[in-house]
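Colleague: Let's have the full structure, built from the sequences with the hints guiding it.
2 protein chains.
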Amino acid sequence: MNIGILITGTEFATGTKQDTNSTMFAKMAFEHGLDVVFIHICKDDEIDITKNVQFALEFCDILVVSGGLGPTFDDVTREALSTALDEPLVYDEDWLDFLKKDYKSRNVELTQMRKRMALRLSNSKPIPNKFGKAIGFFYEKNNKIVIALPGIPQEAKSMLNYALNALGHRDKIREVKLFRTFGIKESDVSNLVKDYKGTFINVSACGVDVYVQDAVSDQIKSILGKYIYSDDNLEMEEVLGKLLREKKLTIATAESSTGGLIVSRLVNVAGSSDYCLGSVVSYSNQAKMDILGVKQQTLELYGAVSEQTAKEMLLGAKKLTNADIVLCDTGIAGPGGGSEEKPIGLHYIGIMFKNEVKIFKEIYQGERNYTRLYISQYALNLARLALLNDDELFA
Amino acid sequence: MNIGILITGTEFATGTKQDTNSTMFAKMAFEHGLDVVFIHICKDDEIDITKNVQFALEFCDILVVSGGLGPTFDDVTREALSTALDEPLVYDEDWLDFLKKDYKSRNVELTQMRKRMALRLSNSKPIPNKFGKAIGFFYEKNNKIVIALPGIPQEAKSMLNYALNALGHRDKIREVKLFRTFGIKESDVSNLVKDYKGTFINVSACGVDVYVQDAVSDQIKSILGKYIYSDDNLEMEEVLGKLLREKKLTIATAESSTGGLIVSRLVNVAGSSDYCLGSVVSYSNQAKMDILGVKQQTLELYGAVSEQTAKEMLLGAKKLTNADIVLCDTGIAGPGGGSEEKPIGLHYIGIMFKNEVKIFKEIYQGERNYTRLYISQYALNLARLALLNDDELFA
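Protein chains in written order, with this note's numbering: chain R, 1 to 395; chain E, 1001 to 1395.
Read the hints as simulated data drawn from the structure, not as lab findings.
There's no promise every hint is true.
In the DSS-like style, the derived pairs of lysine-lysine whose C-alpha atoms are separated by at most 30 Å in a straight line are [claimed, not checked]:
#1 E:1133 <-> R:197
#2 R:177 <-> E:1051
#3 R:295 <-> E:1319
#4 E:1115 <-> E:1104
#5 E:1051 <-> R:27
#6 E:1017 <-> R:197
#7 R:51 <-> E:1144
#8 E:1144 <-> R:17
#9 E:1157 <-> R:194
#10 E:1100 <-> R:342
#11 E:1104 <-> R:194
#12 E:1318 <-> R:311
#13 R:100 <-> R:157
#14 E:1157 <-> R:27
#15 R:226 <-> E:1133
#16 R:318 <-> E:1295
#17 E:1194 <-> R:133
#18 R:342 <-> E:1101
#19 E:1051 <-> R:141
#20 R:157 <-> E:1027
#21 E:1248 <-> E:1318
#22 R:319 <-> E:1311
#23 E:1100 <-> R:194
#24 R:311 <-> R:185
#25 E:1342 <-> E:1295
#26 E:1157 <-> R:361
#27 E:1027 <-> R:27
Modeller: This is the structure we're talking about:
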């Protein structure tokens, strides 16, 4: 069964404020076995909401509408739903009684505007609000269901939960798995998985994320193999952190182009002080010499962006920290600094593990900070592969 | 003039992944003086996209459609736009040439699927893609404009920028200025600016952003004073980078809790190699001693999170790099590691400038990485204030 999400709220529709309800609802619906098919965000405008509801119902069996059930002038979702579904609004008498008592007890006038919070569509069923004053409801007609909820997250969450349970599992549970991969191109992934229906992919500097139907996930897992760094929606640094902790090993970095991004990502993980020792970010040549002990001659002969410099950076950081794994990078992130011989995007990424040193050359063409993120992911992935005893890496 | 945003992408429409392009686009459109009226997110489905485009154009003058211009089977936005707008697709010959050369140089076959990345609507204008292979375009008919962009953020950002500039200010409905502040609380900002109509505020770990109507911007600028680090939508590291370049000074950091985030942010700025020398990220006590020369006695007596340790970190980094400004931090980002005496969130942030050392104590209670971002902003702001000869900082 399909479900769509319509968020009303001018601050969200204008991008002034990031809506987060939609993602929360999507997750809840997903876990309930429903298939979310769209997220729409529109302004608190009666005509906009009316049109959006009518349009949205073309695409889904269940529509969640959240926001605009409160007491103020711009809360107009009730009225829009009434128009869109051609159903009058009526007071929920029980809820109106509750409001009367509640306002009286607080010595606040229950104005006409506030009374609207007890209105729901005729022929709808109430969804009680444990935390607030606005009632929600669900309404079914012609095999379409509309669930109306307030916009305040904690109220909406418990009310959607109530509604989903009341709804029951009308359709079989749908299961999707996410494989996060690195080191394989989007087009290659696409070719490998294109015959598996319901698969979709998403690309970023951190690699290719592959969403697959549970029924075929084992097959796809074996196809993508070691390119998969997470089947559990983890970041690379979390995966690596788990491996380091498991094997009781430590890590340090010597960074140039990434400028501290690799170590900062390692430290993103809570508890990383157990295995991450630190880093030398030698952005200048002087720092490469003074802190890491890279030879002046090496820099003069081969340049800062070279296999030789990368190697000496690794050795320097190893000497300073004695970490079990040392990662390094040196490169040209751009937009300046390229030459014919050494183009923008050229990077050397290195790893030292068990006293062995490996340096990899990579040219990545992207915006400066996208490139730096990619290179940091590359380096962290090297460490992951090394810990998994990857034969190609440490033969 | 109204603008609407349509994001295509099954992972976003299903709430599997949080879309962030819409907020980025909304911000860019807003700063261009346009009024964002909705955000719609639909699946990579040709019929869904077609219907959404037609529906969306009822609400806006300009529609940004992002996603689905790539080479894979689920990239179907081009085809949907062709149907929705009743306009055939044609190859952009220049872009096709570019693709031919590019693929040939990389020895990769330019398949029929990949050639589609040179397709655009007949009668549209191309939007070049500096970072990727898919061309974008804008298309105008019956006073409605459609801007088609890829979904990859770095590509989409620069291309939307290009499109908005090409569009020009056809109807400058809004003049808003953004003041980015740090070091002043949201409630204090709110009190100071509440009487100025049309002002709104957005809070993050990087401070309080204040959007104000142009007519009163001078008044608000003088009210917020030195708390404003940018009136030009710059990040703190960009502002600081400009000051360092102007004054021909260099910077380095010695980091613990921030774990390389400060230096990584400095290096985010293109050309930062002119003034950023590097960093020692001494996440472990051993690294603090071995690389920075913090005394064992200091660590034993006062602990790693102390004014004394911060001071020795500064002196160590100064000795290693001889930078004109050195920043440091040591603290407990959480969620573990707190005690009654030293609670989670406790940080010491230091600056050394003109041979003077200043250490500041700050307790910030937030999620681990939110805290680290805040502390990095705090440190960068110290350097900004020092360079502006702030009396309170260096009396």
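Colleague: Regarding the pair residue 1017 (chain E) and residue 197 (chain R), is the alpha-carbon distance no greater than 30 Å?
Modeller: holds, 20 Å
Colleague: Taken at face value, is the distance from the CA of residue 185 (chain R) to the CA of residue 311 (chain R) at most 30 Å?
Modeller: holds, 27 Å
Colleague: Do the alpha carbons of residue 1342 (chain E) and residue 1295 (chain E) lie within 30 Å of each other, as the hint requires?
Modeller: holds, 20 Å
Colleague: Within 30 Å, alpha carbon to alpha carbon, are residue 1248 (chain E) and residue 1318 (chain E)?
Modeller: holds, 17 Å
Colleague: Within a Cα-Cα threshold of 30 Å, do residue 1051 (chain E) and residue 141 (chain R) meet the stated pairing?
Modeller: holds, 23 Å
Colleague: For a C-alpha distance cap of 30 Å, please report whether residue 226 (chain R) and residue 1133 (chain E) respect it.
Modeller: holds, 27 Å
Colleague: Assess, step by step, whether the Cα of residue 342 (chain R) is no farther than 30 Å from the Cα of residue 1101 (chain E), and give holds or violated.
Modeller: Measuring from Cα to Cα gives roughly 20 Å; hence the hint holds.
Colleague: When you check the alpha-carbon spacing of residue 1051 (chain E) and residue 27 (chain R), does it fall within 30 Å?
Modeller: holds, 25 Å
Colleague: Does the alpha-carbon distance linking residue 319 (chain R) and residue 1311 (chain E) stay inside the 30 Å limit?
Modeller: holds, 25 Å
Colleague: Holds or violated: residue 177 (chain R) with residue 1051 (chain E), Cα cutoff 30 Å?
Modeller: Satisfied, since the Cα-Cα distance of roughly 29 Å is no more than 30 Å.
Colleague: Sort out whether residue 17 (chain R) lies within 30 Å of residue 1144 (chain E), counting only the CA atoms.
Modeller: holds, 26 Å
Colleague: Within a Cα-Cα threshold of 30 Å, do residue 1115 (chain E) and residue 1104 (chain E) meet the stated pairing?
Modeller: Holds, at about 13 Å.
In summary, the structure agrees with every hint in the numbered list given earlier.
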